[in-house]
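> Sequences are here, hints too, so could you generate the full structure?
Just so you know, our numbering puts 472 at position 471 of the sequence shown, and the rest follows in order with no gaps.
These are calculated hints, taken from the structure and not from any lab test.
Calculated lysine-lysine pairs in the BS3-like style (CA-CA distance at most 27 Å, straight line):
| id | residue 1 | residue 2 |
| --- | --- | --- |
| 1 | K66 | K6 |
| 2 | K287 | K408 |
| 3 | K465 | K408 |
| 4 | K213 | K133 |
| 5 | K461 | K262 |
| 6 | K6 | K67 |
| 7 | K66 | K30 |
| 8 | K178 | K66 |
| 9 | K133 | K206 |
| 10 | K98 | K206 |
| 11 | K480 | K262 |
| 12 | K178 | K98 |
| 13 | K67 | K82 |
| 14 | K178 | K67 |
| 15 | K82 | K455 |
| 16 | K82 | K66 |
| 17 | K465 | K6 |
| 18 | K6 | K30 |
| 19 | K455 | K465 |
| 20 | K123 | K213 |
| 21 | K30 | K80 |
Quick list of simulated restraints, FRET-style, between CB atoms:
| id | residue 1 | residue 2 | range |
| --- | --- | --- | --- |
| 22 | A232 | S479 | 50 to 60 Å |
| 23 | A334 | N469 | 28 to 38 Å |
| 24 | M43 | P326 | 21 to 31 Å |
| 25 | L71 | N469 | 15 to 25 Å |
| 26 | E401 | P229 | 49 to 59 Å |
| 27 | A334 | K287 | 38 to 48 Å |
| 28 | N153 | K80 | 43 to 53 Å |
| 29 | N153 | D261 | 43 to 53 Å |
C-beta atoms are modelled at their ideal positions from N, C-alpha and C, and glycine is treated no differently.
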Amino acid sequence: MKMTKTYHLAVDLGATSGRTILATFDGEKVDMQEIARYHYPMLPIGEHLYWNLPLIYQHILESMKKCAALLAEMPEQPKLKSIGIDTWGCDVAYFLKDGSIASLPFCYRDTHTVGAVERFCKEMPKEEVYAKTGIQFMDFNTLFQLDTIRRNNPEVLDNADKILFMPDALSYMLTGKAVTERTVASTSQILNPNTGDLDDVLLSKVGLKRSKFGPMIEPGEEIGTLIPRLANLTGLGEVPVVAVAGHDTASAVAAVPTPDKDYAYLSCGTWSLLGIENEGPIITEKSLEYNFTNEGGVDNTIRVLKNITGLWLFERCREEFKDAPTDISELAALYLESDCPSIVNPDDPSFANPSSMTKAIDEYCEKTSQPIPETPADYIRVVYRSLAHRYGEITEWLRELSPVEIKRLHVIGGGSRNRHLMQMAADSLGIPVVAGPAECTALGNVLMQLRACKSLSSLKEMRKVAINSTETETFNPSK
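Rendered as structure tokens:
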């Protein structure tokens with residue numbers, strides 16, 4: 002008996018831009034239709050960078066109206082079965098008791114957290130923090146953001162009735178229900194993977210109580226339904242809003258189209274996140290030395306990974322090219338015209354948010370006695386070679402930690418479309434690179450909604466549907 006198609010709305014928000022996708026499921030595969038794409042650049046006010054949360058919320062509501070109109074135009078006029086939201090990690094929003102926004106969320110690229118790890122760890126040793134959380138040390142982790150705000154703007158924390166991670170904040174605005182979804186909370190360096198909840202000792206260090214945050218829930222649980230006002234405004238009715246894997250990388254990894262576990266994954270976009278899926282955290286002296294992180298995944302899995310500055314370098318360099326092609330594929334292919342041998346460390350602090358990325362690369366090359374790039378082709382080649390080299394380096398570290406034999410690398414996200422970078426990665430790692438799908442995060446969002454709606458019952462079933470719903474390309478080492 003053929004299954005009746007079901008319809009689901011995925012809100013997939015990345016750093017500075019997002020999209021809303023209407024997905025259909027026929028029992029075997031997922032089809033996705035983008036119905037809206039929108040931008041919300043970092044908002045500079047005074048000396049800080051913020052996220053324009055009301056603008057993001059408005060974009061979501063407008064896309065929900067478009068969704069309702071599309072469904073109404075279909076002959077069968079189907080009803081939307083669920084809505085799910087995934088976003089980037091670490092950043093949080095603040096709300097007053099009446100549900101109104103208490104303060105705009107700080108953006109993780111704001112410079113107020115520079116040096117925050119060192120300041121916090123004067124009061125609590127790194128080893129103790131890592132033993133509690135297993136999270137990679139980065140200045141913008143939620144723990145250090147909150148510590149910085151406590152030092153500089155304590156009224157933000159004191160006035161807030163609720164502190165919610167970004168996907169939870171938006172779900173709260175839609176449903177009136179405050180929750181803390183585990184995968185996005187796991188990016189904070191406050192979640193203890195052994196207890197499965199926010200750590201009271203770490204919260205006390207930043208002067209907060211657990212009650213400021215919503216109750217912990219797992220991916221696949223229903224948060225609530227659209228509040229009546231929004232149900233009427235959007236035309237969708239009181240649709241359930243469910244917790245997907247709220248952290249975008251967790252959603253993406255859930256949709257890796259693989260039949261087995263002998264692989265590492267690379268989520269390749271503005272950030273590159275390289276890791277494995279494991280049954281439990283890996284918290285050792287070696288993982289601390291290599292600064293690996295243990296973040297939550299679907300079905301209580303742990304994503305043991307390392308954050309790498311990704312195509313951010315390319316994106317920022319591109320802004321400075323005056324006479325280069327505007328088409329991304331043509332621009333990417335320029336690297337073939339260069340033989341510049343220089344390699345930079347993408348994770349060097351100088352590349353975090355410089356006023357000029359090309360100048361930052363020049364200065365790094367000069368400091369390390371390497372040839373300075375001269376043309377757009379040179380800069381692109383340097384960026385690609387540097388990323389591929391870093392992927393190889395991190396994979397070797399991961400092999401030292403991993404109980405899994407890494408036989409191939411699955412690359413997901415927009416960067417998987419870059420065939421030049423994929424081949425360089427295969428050559429650097431010496432193993433096959435399976436590229437695709439580019440839309441893995443949105444697919445994972447939808448697959449988790451299907452779990453919440455009881456259409457799928459396990460991660461294994463999700464991966465089977467992912468294989469049916471996607472196409473990939475394999476790049477073998479050329480040497």
